[in-house]
Structure formats: C-alpha cells, structure tokens
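Participant: The chain contents come next:
2 protein chains.
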Amino acid sequence: MNKQKKDFSDDIIQLSHGDGGIKSAQLINDLLLDYIGNDILQKLEDSAVLRLDNSKSLAFTTDSFVVNPIFFPGGDIGKLSICGTVNDLATSGCKPLALSLSFILEEGFPVPDFKKILTSISEMLGETGLNIITGDTKVVDKGSVDKIFINTAGIGIVDNNYQINPNKIKPGDKIIINGTIADHGLAILSQRKEFNFKTDIISDCAPLYDLVREMISVSDQIHALRDATRGGLATVLFEIARNSGLDINLSQESVPLQKQARGICEFLGMDPLYIANEGKMVVFVGKDDADKVVEVMRSNKYGKESAIIGEVSKEGKGIVVLKTDIGTERLLDLHYSEQLPRIC
Amino acid sequence: MNKQKKDFSDDIIQLSHGDGGIKSAQLINDLLLDYIGNDILQKLEDSAVLRLDNSKSLAFTTDSFVVNPIFFPGGDIGKLSICGTVNDLATSGCKPLALSLSFILEEGFPVPDFKKILTSISEMLGETGLNIITGDTKVVDKGSVDKIFINTAGIGIVDNNYQINPNKIKPGDKIIINGTIADHGLAILSQRKEFNFKTDIISDCAPLYDLVREMISVSDQIHALRDATRGGLATVLFEIARNSGLDINLSQESVPLQKQARGICEFLGMDPLYIANEGKMVVFVGKDDADKVVEVMRSNKYGKESAIIGEVSKEGKGIVVLKTDIGTERLLDLHYSEQLPRIC
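Protein sequence lines correspond, in order, to chains A and B.
So the first sequence is numbered by numbering that gives the first Met the number 0: it starts at 0 and just counts up by one.
So the second sequence is numbered by numbering that gives the first Met the number 0: it starts at 0 and just counts up by one.
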C-alpha cells in the first residue's frame, strides 16, 4: 500500500462515487489503487496494454453497464455494452479481437425484453464483425438487481510500432472530436421521470473502431484517443491535461452541439461539456496531419460532423482553458457536483 | 440463427435459469446461442481458447459474482471473484496473465465492508502473483443492486503444444478431484435465514493454478480439467459425458465428502454431488499417469485429499453411472429442480 496517499475517509459509498467526477477519482485514487494498484492499472487508461513480445501487445478492457432505462432513444443496454467496450479498445488503436459478455438478470425479467437486447447485441456484433467467445449468466432474486446489468470485457492486439498513448501528446497537437456532444446523456435524461422534457435527441451510441482504423490509415501522428463517456468531453480533457502537465485550449464555439441540446442544457442549468457521450472519440493528432484526419473522419458515418475543437498549447500547469462563445476565458475543472447515476 | 433449435418458450426469467441445471442449459442453448453463437462460444468451456499463432493461444474467461451473503465462512465475494476466474483460466492449463475487475456498488454500501473485500482481493492477488490491469466502478441508487456485485475477466497464454481440452478424453482415463465436495454451497446455505443449521464447514474457495501447474509438470496426459462450481461435480460429469458420448463410472464411496457435510445433506434432502464448490478441479488423466498425478496433487495445500473417483469406461451413450455406497447403480442426470440462487 502506498502510504503517501491520504486515507479514504468517506464512510459510505455515494452515487457521486460513480459519476466520473471528483468523488469517483477519490474512490479510485485514494482507495482502490491502495489495494490493487500496479504500473498498468495506475495509468487508468480506457484499455490496458500489456506487452506480449517485440511486435505485439495485448489490449484489455472491461465495463459494467447499468443504464436506466434499459431501452432509450438511439439504443439499449445491449447495444451500449458492445459499443462501450469496442470503443475502449479502439482508444488503443487496436482491432478488437474478441469480447466476453456477462448478464446479471432479475428474476421475473420479461424474455421478450431480453430478446430485444440480444437482438441489439447481435446487430452490433454483425456491424463490427466481432464475436463473443466467453460468457456468464447469473439470475438473482427479485429486488436484488434492477432488471438487467451487463458486463463486457474485450481484448485486442496492438501493433508495437504504432502505439497510441497519452504520453505521446505534445504542444501543438490539434484536438478533434467526431461530432456533437451530450446527445447520449440528454437522451437518457429525457426518459427519466424526474426530468420533464421532450426531445428528438437520440443517443450517439456507436462502435468507433472503423473510424479509428481509417484515421490510422492516413496518419502516423495519432497521438492519443479517448472515449468521452461519463464525465463528458471536459473530464477527458481535464484528466489528459493534469496527467501530462500540458495546457489545453478549447474553443467552445468549435465544439459540435445540437441546437436543441444547447437549449435543453440552458434550461436545465447543465454544462454539455460534462454530459456523457457513447460514440464520441477525442483525438490528439500532430498539427500537420489534423486537416487530413478530419477529412477522413468526415467520410465515416460516425464522423460526419468531425471538427477541430482545440489544441495543446504548451508545457504548463496542466490546465484546460475554455474560450467561451462570448469571448471570455474560464478554466475547466473536474466536476464536483453530483451527476446523474446510471447514465451508462 | 440456427433454425433447428426450438424456440425458447419461457416468458419470464426464473431463478432456475441461473442455477447451472437444466433451465440454465435451455436459456443458453435455446436462446443465447441463437443470437450470439459462434464456434468458440458454442463449446461452452470454462475459458475460451483463441489461437494467436503457431505456438500460442489466448485463453479468455469472465464471471459475475452475486453471492449472498457477501461475507461467508471461508471467504467473501472479493476472494471468490479472483479465485473463480483464476480457476476458469486454469482449466485451460494456462498461466493467468492478468485480470480485469468491475464493481457495481449500491449507494450507501459501507466503506469498511468495501475495504474488507478489497483486502481479500489484494491477498488473492498476492498469493497468485497476478495483477488487475483494467477495471470499472459503477454506483447505482439504493435498491437497484443488493450491496455489491463483482465481475472479473481473465486472460492467459496457452502453449499450443500442451492443450487441455475435453475432446482429448478417452476410455480408460481416470477421474480425479482435489478434495471434499459441497463445502462452498453448504457454507453459504448455513448463512441463509431460510436454513437453520450451524456447521463448522467453510467454503473451499481457493485459487488452483499452482495445483494445475504442478500436475502438468509431472504428466503430459492431463486431458481435461473442469472447475466444479454451480451444479457441482455431477453437472460437470454429466456435461462431459453428454458432449463426448463417452460413458463415465463414478464411485460414490471414493468421492471425498466431510462427515458433517454428509449429515447436513441427508438432513436437508440435498445431493452433495450437485452442490457448488469453489476450489475443486475435476481432472481427466490418462490411466497410467493417474497415481503420480494424485501424488503431486496431494503435496499441494489445495489438494491434500485428492482422490481418484471414477473413470471413463467406454464409447457409449454419454451417460454417468454412479455406483452408490450401498452397491446399487443409478444414472446421474442434469438437475431439474430449482437450486439455490446466488451461491457464487
């Protein structure tokens, strides 16, 4: 155990320990890593990369999905469980090799609903050309789980000659995103009773490996990739800046955002930069290649609205400076306030 | 989709769909495999084996743990989550390479309990020399999960020159188990309010990779390994016999069983052959090597009571014949009746 860390002082687990914000980070850094930390886990990447031999490494990732509701505009928990893990692997730039799938089902769960979820999973496997090669099914008594939770893990092979890794980011790199932000989170919120709004916004839930493959095929300057899920775009940029010590400039007007999403966020008093996505890749690319990478991304069906949204400015204090629509500047922080649970 | 299969006709998920018995098999064969089946998954091995190149294959496995209670005599959900996945990998004869770990926590879960679980996990990682290299933590609102569920997945490297695989089993093979059966299931039941018995029996929960490694080091005739968890020893033998078409003879008096366990089973009207274990490996070994394999197993701390319990008799109808203590014979079947949920 690393004695330099402060003791984790909370006495019960709170919803905010799972929201991707500051309490989540405390739970992981001040508690979990004290017990199970090691050089690879410590990096807290979307997927871990383990060297197999001189030419190849193995990428490995896992996620549990507890989204509520299980069916939402643009997807369901089944689609999400495949896309989430494919995208975590894709952040290593690697072709996913195979997935695992584990269900926890509540006694009394309707089989027709289960069939719909299995259909979504099957469709995503078809689209990505991937297979589930190992699995597990547990059933628990009524009331011990809310309908259905799914865990997927995934493995992939990384070419050691093209490693994508945040420590390759350098001043001057451009930051690209493959489309509008906040759609997944708002689609989920629109289904919750405690919020009372109607919207046409659907989740952006999508498998992004092909997009990544196409980017890699035109540029050897893809330095880092991050899947902007829980905590949204802001949390990804905050973590990259803090961990690298590099300063990032983000241009609010460049960040793709649906007009309707902007309106809902203003109405609810939420910042779209912190709202979850499930089909958005944040790309750090050498500046000379940025335009051609954006171009190839725009030709992919999941990248039509790709845009350069900022840049890595300099070695500095590891801060993210947001230039707002009205021309002011503010620092992005890790969100403190409690976000909504079960967004993914 | 395989149209030859019957449509899965149940309209809701029942507890018995998760007990490792006949309803579990129906859920998997008649529903899940219709949507996500493929050559590897279809084998339904404890761990999937995927060829990487001429010399190596990759083993991959996953399990979700939902045991109730989370602390039980001989272990807890943390220890179980590491041992279960280590043992699934060990059935491929492979050295585990790394694990993933995913928590689903209930809002309000006491942090001291979480620390106890993390301590168990850390101890098992120490004993096995393994690392968690990727993970995930979700927190759900109170009432949406019962305290804590854990998923682990694991990867390992298999030497293509020594593949352990049920299709290598042949007539004459001896069947060995590394100690007493039913201890885990009975330890869990003893903690349930609906059962009212006291016992000194503790769970056999243990990581068995070292045991397997030692067996492999003395014999090149280890044909198959199975971890006898949900559904117990009987279910493992039933599935092996049915899938291979080989007949198996099992000698009841040879199966290690604690006297106290026998008494409790008689009292409860339960058959120990169907009760879950969490540290029992069923070994199919060429007959000439059986004695030396038992000997090396007995020198391991998790194999002191290893015993030859039966043999593969002949190409036949794929049945398991149990020679009972009183000299009669009966056929082992897949359990139909509802077993207890959340045993692991």
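FYI, nobody ran anything at the bench for these hints, they're computed from the structure.
A hint or two may mislead.
Taking lysine-lysine and the BS3-like style, the derived pairs with C-alpha atoms no more than 27 Å apart in a straight line are [as the list claims (entries may be wrong)]:
(1) A:Lys94 x B:Lys94
(2) B:Lys42 x A:Lys114
(3) B:Lys55 x A:Lys55
(4) A:Lys94 x B:Lys55
(5) B:Lys94 x A:Lys42
(6) A:Lys197 x A:Lys303
(7) B:Lys94 x A:Lys192
(8) B:Lys42 x A:Lys141
(9) B:Lys115 x A:Lys42
(10) A:Lys115 x B:Lys42
(11) B:Lys94 x A:Lys146
(12) B:Lys42 x A:Lys94
Participant: Hint by hint, note whether the structure agrees.
Facilitator: These are the hints, each one checked on the structure:
no.: 1; hint: A:Lys94 x B:Lys94; in the structure: holds, 24 Å
no.: 2; hint: B:Lys42 x A:Lys114; in the structure: holds, 22 Å
no.: 3; hint: B:Lys55 x A:Lys55; in the structure: holds, 13 Å
no.: 4; hint: A:Lys94 x B:Lys55; in the structure: holds, 19 Å
no.: 5; hint: B:Lys94 x A:Lys42; in the structure: holds, 24 Å
no.: 6; hint: A:Lys197 x A:Lys303; in the structure: holds, 25 Å
no.: 7; hint: B:Lys94 x A:Lys192; in the structure: violated, 49 Å
no.: 8; hint: B:Lys42 x A:Lys141; in the structure: violated, 31 Å
no.: 9; hint: B:Lys115 x A:Lys42; in the structure: holds, 24 Å
no.: 10; hint: A:Lys115 x B:Lys42; in the structure: holds, 24 Å
no.: 11; hint: B:Lys94 x A:Lys146; in the structure: violated, 36 Å
no.: 12; hint: B:Lys42 x A:Lys94; in the structure: holds, 24 Å
The structure is inconsistent with the numbered hints 7, 8 and 11, although it conforms to all the rest.
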